[in-house]
Every structure is written in structure tokens, then in C-alpha cells.
Amino acid sequence: MIDRALAFLAAHARNATGLATDTLTLRSARQITDPNTPAGAYVSVVNVSEERALRNVSHIDRTPTQTRTIEPPVHLNLDVLFAFNFADYDTSLTHLSRVIETYQTRRFFDAATPVAPGGPVFPPELQRLVLDMANLTLEEQNNLWGTLGGAYLPSVLYRVRLVEVQGATAVPVSRIETIQLDSSVHDPPLAPGGSS
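Going left to right, the sequence shown walks through residues 49 to 244 as our numbering numbers them.
Just so you know, these hints were derived from the structure itself, not from any lab. Every residue, glycine too, gets a C-beta built ideally from N, C-alpha and C. Treat the hints with care, since some could be wrong.
FRET-style restraints, in silico, Cβ to Cβ [what the hints assert, rightly or not]: (1) M181 with V122: 16 to 26 Å; (2) E99 with T153: 21 to 31 Å; (3) S76 with P162: 29 to 39 Å; (4) T71 with V163: 19 to 29 Å; (5) Q175 with T111: 15 to 25 Å; (6) P240 with P120: 43 to 53 Å; (7) T113 with T85: 47 to 57 Å.
With the sequences and hints as input, model every part of the structure.
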């Protein structure tokens, strides 16, 4: 699911910026700062976390014909970095601005999202994606780029919420058809010596 979400976002950004497929690519965060990496625009996941608020769902799946236990899906937040490293600094800033404009005007994607001419179709296996720009302080920026092993590049970090991952393992369980109550009164056993 993560790969499909990222491929969709990269294709959407390519369509919005007019960049070619080989110019805006999915790259490992480490490759972005590698001096041998060709100039271009890059999309990379820098962190994956679970959306804990959506964790409390039922483990029981009931249909008219069966009941089964299944672990609830994991809803993920992806921190996705769009970084630009063109020979001309102005070109990097221009494409950075276009990506920010793109996700400012459309930050929510699902199956009902209209497809722009030449744009990607939303992957049917995903429910929805919501993009929120992450506002990093200078210290957080420094930590991020220091971890990546390079100098700062014009970039923007988005938190992409609600990538759902669901395993296919479900265990059938038998249904409870009736409940029987024992309403008879039982006398407590007598304590030694005959008193209760």
C-alpha cells in the first residue's frame, strides 16, 4: 500500500509540475543527498507511524453467513519529502512552489477525486489520502538533513495520513445463537460447624 500511495503522489506531482517521469522520481532518502544522484526532483518516505486514534475497532467481522475474527487494519501516517536538486537553484524553487500549490489546492484524494487530463487514477486498493504540510523548525530541518547525510535542498515535507494496511488473515469463529441463563437459586455451602 505504501508503494502505491507514493507512486500515486509522485505521478500526481509530475502531472502538476510538468516534470518528466525520469526527472521526478521515487528515491531512497539516502540517495537524495548522494553526490552521484542526477539532478532532479525526488519523492521519499522519511518516516512511517501508526494513526493510534483509529486503533479501537472491533476484532469481530459479522456477515449474514459467518462470523470471523480479524485484526483491525493499521492506518499509517507517512512523512513524505519532496526535494528538488536542479543545477539552477531557481528551477528548484519553481518546482517546489508548484508542488506546494498543487497540494494546497487539493490535499484530499480518494476514488471520487476527479482525474486531471493526463493525471493518475487513484489506486482502487487505497481508501483515501490526506496531505498536511509539516512545519519543521530550523532545528528539526537540521536534524532531518543531518540524518540524511547532506546539506539542505529546497524541499517540503508532507504528512500523508490514512494509508490503510490490512492483512488477509481471518479466523472463522462459531456464532452464538442462543444464550441460556441458569436462574435457579443455590444455597451456599455450610461452613464447618454448621453455620453459614
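Hints, one by one, checked against the model:
1. M181 with V122: 16 to 26 Å: 24 Å, holds
2. E99 with T153: 21 to 31 Å: Holds: the Cβ-Cβ distance is about 24 Å, inside 21 to 31 Å.
3. S76 with P162: 29 to 39 Å: Holds - the Cβ-Cβ distance for S76 and P162, about 32 Å, lies within 29 to 39 Å.
4. T71 with V163: 19 to 29 Å: 22 Å, holds
5. Q175 with T111: 15 to 25 Å: Distance hint for Q175, T111 holds at roughly 20 Å.
6. P240 with P120: 43 to 53 Å: Holds: the Cβ-Cβ distance is about 52 Å, inside 43 to 53 Å.
7. T113 with T85: 47 to 57 Å: 54 Å, holds
Of the numbered hints given earlier, the model fails none.
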